[in-house]
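Following the hints, complete the assembly by docking chain D onto the known chain G.
Chains G and D are the protein sequences, given in the same order.
With my numbering applied, the first sequence covers 1 to 306.
With my numbering applied, the second sequence covers 1 to 310.
Bear in mind the hints are in silico, worked out from the structure with no lab data behind them.
Think of the CB as a built atom: it goes at the ideal place given N, C-alpha and C, for glycine as much as any other residue.
Be a bit skeptical, because a hint or two may be false.
To be verified - Chain G regions said to be covered by chain D (calculated; three or more residues, Cβ under 8 Å): (1) 67 to 73; (2) 80 to 92; (3) 115 to 122; (4) 269 to 282.
What the hints assert, rightly or not - No more than 27 Å apart at the CA atoms, straight line, and that leaves these computed lysine-lysine pairs for DSS-like: (5) 14/G / 132/D; (6) 14/G / 133/D; (7) 132/D / 217/D; (8) 112/G / 297/D; (9) 297/D / 217/D; (10) 14/G / 297/D.
Single-letter residue listing:
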Amino acid sequence: MSTTALGRRTRRDKRRRNAAAYLFIAPFMLLFATMLLLPLFYAGYLSLFTEQLIGGASFAWFDNYARALTDERFIGGVVRMCLFLVIQVPIMLLLALLFALALDSMRVRGGKFARLAIFVPYAVPGVVATLMWGYLYGDNFGPIAQFMRAIGFGSPDLLGAENILGSIVNIVTWQFVGYNMVIMYSAMRSIPGDQYEAARIDGAGQFRIAWSIKIPAIRSSIVLCTIFSVIGAFQLFSEPKLLYEVAPNAIGSSFSPNLYAYNLAFTNQEVNYSAAVAFLLGIVIMVVSYVFQLSTARREKKGARA
Amino acid sequence: MSATSSTRLAVLPPDQRRRTKKRGRDLPPGEGRSPILTIVIWVCAAYFLLPLFWLLISSTKDNSGLFSSFGLWFDDEFHLWANLVDLFTTRDGVFLRWISNTALYAIVAGLGSALLSAAAGYAFAKYDFPAKKFLFAVVLGAIMIPTTALAIPTYLLFAGAGLTNTVWAIILPSLVSPFGVYLMRVYAEESIPDTLIEAARLDGAGEFRIFWQIALKIMVPGIVTVLLFAVVHTWNNYFLPLIMLTDPNLFPLTLGLAQLQAASEAGGGASAQFSTVITGSLVSILPLVVIFLYLQKYWTSGLTTGSVKE
Chain G
1 MSTTALGRRT
11 RRDKRRRNAA
21 AYLFIAPFML
31 LFATMLLLPL
41 FYAGYLSLFT
51 EQLIGGASFA
61 WFDNYARALT
71 DERFIGGVVR
81 MCLFLVIQVP
91 IMLLLALLFA
101 LALDSMRVRG
111 GKFARLAIFV
121 PYAVPGVVAT
131 LMWGYLYGDN
141 FGPIAQFMRA
151 IGFGSPDLLG
161 AENILGSIVN
171 IVTWQFVGYN
181 MVIMYSAMRS
191 IPGDQYEAAR
201 IDGAGQFRIA
211 WSIKIPAIRS
221 SIVLCTIFSV
231 IGAFQLFSEP
241 KLLYEVAPNA
251 IGSSFSPNLY
261 AYNLAFTNQE
271 VNYSAAVAFL
281 LGIVIMVVSY
291 VFQLSTARRE
301 KKGARA
Chain D
1 MSATSSTRLA
11 VLPPDQRRRT
21 KKRGRDLPPG
31 EGRSPILTIV
41 IWVCAAYFLL
51 PLFWLLISST
61 KDNSGLFSSF
71 GLWFDDEFHL
81 WANLVDLFTT
91 RDGVFLRWIS
101 NTALYAIVAG
111 LGSALLSAAA
121 GYAFAKYDFP
131 AKKFLFAVVL
141 GAIMIPTTAL
151 AIPTYLLFAG
161 AGLTNTVWAI
171 ILPSLVSPFG
181 VYLMRVYAEE
191 SIPDTLIEAA
201 RLDGAGEFRI
211 FWQIALKIMV
221 PGIVTVLLFA
231 VVHTWNNYFL
241 PLIMLTDPNL
251 FPLTLGLAQL
261 QAASEAGGGA
271 SAQFSTVITG
281 SLVSILPLVV
291 IFLYLQKYWT
301 SGLTTGSVKE
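Just chain G, with the same shape it has in the complex (with noise of 0.2 Å):
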C-alpha cells in the first residue's frame, strides 16, 4: 500500500460521500421495498396457494394461474380492455395533439383560456367525474336526455349494455386529454426557433411545420403519454365501480380485471384466486408496454437509417 496522504484523503472523500448519497436515497428506498415491492412479491407468493375447506390454504404451484387463463370472466375483462385502449387511447392522443398543435401554432384567439379550460376536468376526481357524468349520461334529469326528448326522440340508453363502454371512453377521454395536451403543448415550447426559421425560409407552411419538425421533436413525449394511458386504461377500476350503482346489468361484476380482482378478494373471499388474477393483469400491463417500447425503439432505428 503505496497512497499518498492526498490518495488517502480522496478515498476517504469518497466513502464519505457514498454514505451520504445512501442516506439520501435510503428513505425513499425504504418505503419503497415496504410498499412496493413487498407487496409485489407477497401477492406472487399468494398466487400459488389454493384454499380449501378443510385444512386451510395449500400449495399449488400454478393452478391459479391455469384456472385464470381459462377463466371467461377474465379473459373477458382482458378482451374489453384492449378493446377499451384500442378506441379510446388514439382518441384522447390524437385529440391533446391537435389541441397542442393549434394551440402552439398561435393562431387560436384566448389560446391561454382555451389551454387551461381543457385541462380543468383533470383536477377533478375521478369520482367526481364518474358521478357527473353518470347523471349526465342517466335518464332522470341528464340534459343529455332531456334534449333528445325535447327534440322528438326518445331517450337514448347511455347506460345500457352496448354503450357502457363507449359512455366510460367518453369520461376518461374528458378526463385526461388536457393532461396530455399540456405535456405535449410543453415540450412544442422548447423547441428551439431556430427550426422554424429554416423551414419558413424554405417555404413550409404551418401543417409541413407540425408534421416535419414539432412531431417529431416531441416523439419522446407522445411516447411517454402512450405508455400512461396504456398502463392506466389496464387498470380501469373507478369508472365501472361507480357506474354499478346505476347501471348494475351493464357492468356486471368483472367488467375490468381490477374490478374483478376487487370482487373476488371482497365480495368472494377468494384472496389466493384474486391475487393471481392481479398479478397476472400487471404482466400483462408489463408485456404491452415493453412491447410498445420495443417497437417505437425499432421504428426510430429504422427512420435514423432511412
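For chain D alone, coordinates are given in the frame of chain G:
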C-alpha cells in the same frame, strides 16, 4: 397577406396595437389568428367546460328542481345555500370531516413524497455510488407496475400489521412515487451545476448542508410539480381508501361522496339526496381547481423537464 395584417395593425388603437405586435413575434410573417381554428378550439373547450357548468347550475336546485327543469339552465328557485347547509349538516356534519381528512392525507402524502423524491433524485443525479445503476433501474421499472394491482396484497399486509382503518393505511402507500424520483433526477441533473457543489465542498460545507441549503432551493420548481401531482393523486384516490377504510370518520371525499351517491340511488325517490351529492361534488373539486390555476407556472415548467428528456 402581410398587407392585411399591417392594415389591421394600423386600424387598432395604440395600446392594442402594441399588444398585437408583441404577441405577433411568435407568428410567422404574414400569418395572423385564424377565426376557423379559434372557433373549433373554443367549441371543443366548451365540451370540457359544459359538465362543470352543469354541476354549478345543478347545485343551485333542490331535488325536485333537478327533475323538473332543464339541466343547463337555472330553475326559478335558488337553493345553493340550502344545499350547502344540507351538505354540511347531514350525518352530524361528516362532510366537513371528509374534507379535512382529504386535505390531511393529500398534504402529508404530497409533502412527504416530494421530499423523499427530491432527496433520492438528487443522490441519483449528483453522486456516483456502488449499485446506483441497479437501484435506479429497479425504481424506473417500478413505474410500470400497475399500483392498483398491488392494492389487495397491500391491504392484506396492512391488515396483518393492524394498520387498516388508520390514517397510515392511506398515507404510507401514497408516499412512494417512482416517477417523482425520475422527475427529480432529471431536474437535478439539469438545474444544479456540479461546479456549485464542488465550490460548496471547498468552502467546507457538509453533504447534507449542500443538499438542504443549496440543492433544495434550486430544485423548488421541480419539487412543486411532484408535490402537486402527489397531492392530486392522493386527493383523487378512490381504490386505496375503498379497500383500507370502513370507518366513515376516516373517509376522504371520494369515498364519502361515492357512499352518499350509493345511498341516494338505493333510497330511490323517497330519501334521494341527489342535490346533496351534486353540491358535495362541486365543493370537492374547487380546491384542486384553484390550486392548479394558481400554481400554473410551476407545473407547466416542471412537466417540460420531465417530458422532453428521454
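* Asked: How about the region 80 to 92 of chain G: do at least three of its residues have a C-beta closer than 8 Å to a C-beta of chain D?
  -> violated (count 0)
* Asked: Does residue 217/D lie within 27 Å of residue 297/D when you go C-alpha to C-alpha?
  -> Cα-Cα ~17 Å, so holds.
* Establish whether the coverage given for the region 67 to 73 of chain G by chain D is satisfied; the threshold is a Cβ-Cβ distance below 8 Å, and no fewer than three residues must meet it. => That given contact is violated, which follows from only 0 residues of the region 67 to 73 of chain G lying within Cβ reach (below 8 Å) of chain D.
* Mind checking the alpha carbons of residue 14/G and residue 133/D for me, to see if they're no more than 27 Å apart? => Given that 27 Å is the threshold and the Cα spacing comes to 17 Å, the pair holds.
* Asked: At a Cβ distance under 8 Å, does chain D reach at least three residues of the region 269 to 282 of chain G?
  -> holds (count 7)
* When you check the alpha-carbon spacing of residue 112/G and residue 297/D, does it fall within 27 Å? -> Holds, at about 12 Å.
* Pair hint outcome, residue 14/G versus residue 132/D [Cα-Cα no greater than 27 Å] -> 14 Å, holds
* Asked: Hey, residue 132/D versus residue 217/D, does the alpha-carbon distance stay inside 27 Å?
  -> 24 Å, holds
* Under the criterion that the straight-line Cα-Cα distance not exceed 27 Å, is the pair residue 14/G, residue 297/D satisfied? -> 38 Å, violated
* Asked: Counting residues of the region 115 to 122 of chain G that have a beta-carbon nearer than 8 Å to any beta-carbon of chain D, does the count reach 3?
  -> holds (count 7)
Consistency with the previously given hints fails for numbers 1, 2 and 10, ordered from lowest to highest.
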